Amino acid sequence: MRRFVLQRLIQGIIIVAAVSLIVFLFVQASGDPAALLVPEQATPEDVANYRKALGLDRPIYEQYLQFMGNFWFSDAVKSFRFHQPLLPLVLQHLKFTLILAGLTIVASSLVAVPLGIVAALGRGSVLDVGIRVVAVLGQSMPSFWVAMLLMLVLAVHLRLFPVSGLGVKNVVLPTITLAFFQMAVLLRLVRSELLEVMSQDYIRTARAKGVPERWVTIQHALKNAAIPVITVMGLQFGALVQGAIVVEPIFAWPGLGWLLVESIAARDFPVVVAGAIVAAVFVTVVNLVVDILYGWLDPRIRVN
Amino acid sequence: MVNASVTHAEEIDNHRLPGLRARLLGGKLAGHLAFWTAGAILLVFTGLAVWPEAVAPYNPRLGRLADRHKPPGYVDATGGVHWLGTDHQGRDVLSRVIYGAQVSLTVGYSGVIIGGLVGIAIGLLAGYHGGRLDQLAMRVVDAQLSFPYILIAIVWAVTIGSGVLNLVAILAVRGWVEFARVGRGQALAIREREYITAVRALGGGDWRIMLRHMLPNVMAPILVVAGFQLGRLILLEATLSFLGLGVEPRTPAWGSMLSDARGYLNVAWWTATFPGIAIALVVLAANFMGDSLRDRLDPALRNNT
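Line by line, the protein sequences give chains A and B.
Here my numbering is used: the first residue of the first sequence is 1, the next is one more, and so on.
Here my numbering is used: the first residue of the second sequence is 1, the next is one more, and so on.
Any given hint could be a false lead.
Residues of chain A clear of chain B, computed beta-carbon distances all greater than 10 Å [unchecked claim]:
#1 Asp46
#2 Gln92
#3 Gly102
#4 Leu149
#5 Phe161
#6 Thr205
#7 Met233
Part of the chain B face toward chain A, derived, beta carbon under 7 Å [stated by the list, open to error]:
#8 Trp156
#9 Leu265
#10 Asn266
Treat the hints as calculated values from the structure; they're not laboratory data.
From a predicted model like this one, the values you see are computed outputs, not experimental measurements.
The C-beta atom is built at its ideal place from N, Cα and C for all residues, glycine as well.
If we strip away everything but chain A, and leave its shape as in the complex, we get:
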């Protein structure tokens, strides 16, 4: 177990390093930030001085290492726009993404698990087909369009929720938007896992020894179907962050996604790289925790 965790940790560090390097190189390739930052009347000499002050005149690998060092251990590099040290700035916004992600997971599970069970138990029925159609829709509608439709109906016409901003009522629409997609994924999974489990020998055994059908479903089938479902819920975190990057700016929800898109638009590249690093760390840590939980939930995995 310890070896497994260590292995995954090293892997995670490599992923984070690779992602930050890729984003860093992209940003470097896009041109000179100094030219954007100096005032218009600056002489070429001013620009050169400014580049030197920012360390932009040094080789790229040196700049990268320096950036990483500064990012983790000092406040030397600041946001071009917010003039704040990067790590605290990003963490401050990550908080809002965490709130959104948590609510989304709760909301989507509350809908997906019961519907998935109903669909599996009534396999082939009209209800099952209906539920599956909703699930496929959830995976086919672009999240930004779902967001717009919700705004159109619930905010503009019915005036139930504010269109955008930060607040208790404001979190509802982005949560529904993200949960719609998550629900679709979970729903299909709950249904197929439950069907799979229901065809196992131990279910037949339970039925043969006279266990009531309801008890078979709850005690034997659901418990075993839950394991892969929980894993996927964890692994969906990457997709959730991906969704947040698109949906947060639409609702002006000030999470990590909003910060990233805003900073990209404003060419505030230190924040972009910092945000990418934190997103990568975040997703990697969640995946690792899920893997560990998985082994703990299902002892059969631990042996392998």
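Using the hints provided, position chain B relative to the given structure of chain A.
What follows is chain B alone, placed relative to chain A:
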């Protein structure tokens, strides 16, 4: 919920003989229906992408400001009908939706084909040779799947540029992963088979084995993956063009049409609706295509795509 009072014998009978309704909706006929409907939708949209001028009633780039934000069914001064209304510049929404198919489908198909070729090649090589190469390729696959790719895509489009070629490249880099994973799995399964050993005994080289004997055997699962990838990549393209990172702004694209519509939600619901329906229809058709191809060709793939 299954009624607890149903006897076990009845339960077994129910499983063996589903009712007619169930067979119609959940069984084979529904499968055929999904397959042909999805195929027809994809075909229609592909046709629109190839010959938009044959169907579109108006020039998608031109509009009269006097005609701006007119609702579906509006008849303009010249007597022309705008079935889906007009947008904030008075341009015909139906024509723009039709022309929008061009960008989404061209970029989507190209991304799937290029990503597919690269992914299959990497997957076959990794699965056939195994060892370090395999380890490295699969680590990259895992890493890419665990990280929100949209971030890389956005940064790429902003820093290097968008435009058709960059979009295709962005989609292909996203798209190769699943192809590689499935190609590798199939190669691993096939490589110890007798007929491969036989080819080797007859003096067939690695390339011959991979191209002549493995490739034809992985085509079925590859087709399944291609269906799902088409949907996925078209969604990614639409997202990028929604964020203003698609093809140049004058070209009609579904994502950018929706982005324009955001500012007028309270005055023109139709501009916020129809381009989205187009995206959802195409992606839905692609997903259904993947689903029904899987059921027909390779049910064992269920957990892989």
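Hints, verified against the model:
At roughly 24 Å, the least C-beta separation between A/Asp46 and chain B is larger than 10 Å, which holds for a residue marked as non-interface. At roughly 19 Å from the closest C-beta of chain B, the C-beta of A/Gln92 stays outside 10 Å, upholding its exclusion from the interface. For A/Gly102, the requirement that its beta carbon stay farther than 10 Å from each beta carbon of chain B is met, with the minimum near 17 Å. Not every CB of chain B is more than 10 Å from the CB of A/Leu149 (nearest about 7 Å), against its label as outside the interface.
A cut-off of 10 Å between C-beta atoms confirms that A/Phe161 is not in contact with chain B; the least separation is 13 Å. Chain B leaves A/Thr205 outside its interface by the beta-carbon criterion, the shortest separation being 12 Å against a cut-off of 10 Å. Remark: the non-interface label on A/Met233 is consistent with the geometry, its nearest Cβ contact in chain B lying 14 Å away (cut-off 10 Å). Hint on B/Trp156 holds. Least Cβ distance to chain A is approximately 6 Å, under the 7 Å limit.
A least Cβ separation of about 5 Å between B/Leu265 and chain A falls short of the 7 Å threshold, and the interface hint therefore holds. The closest approach between the C-beta of B/Asn266 and any C-beta of chain A is roughly 5 Å, which is under the 7 Å cut-off, so the hint is satisfied.
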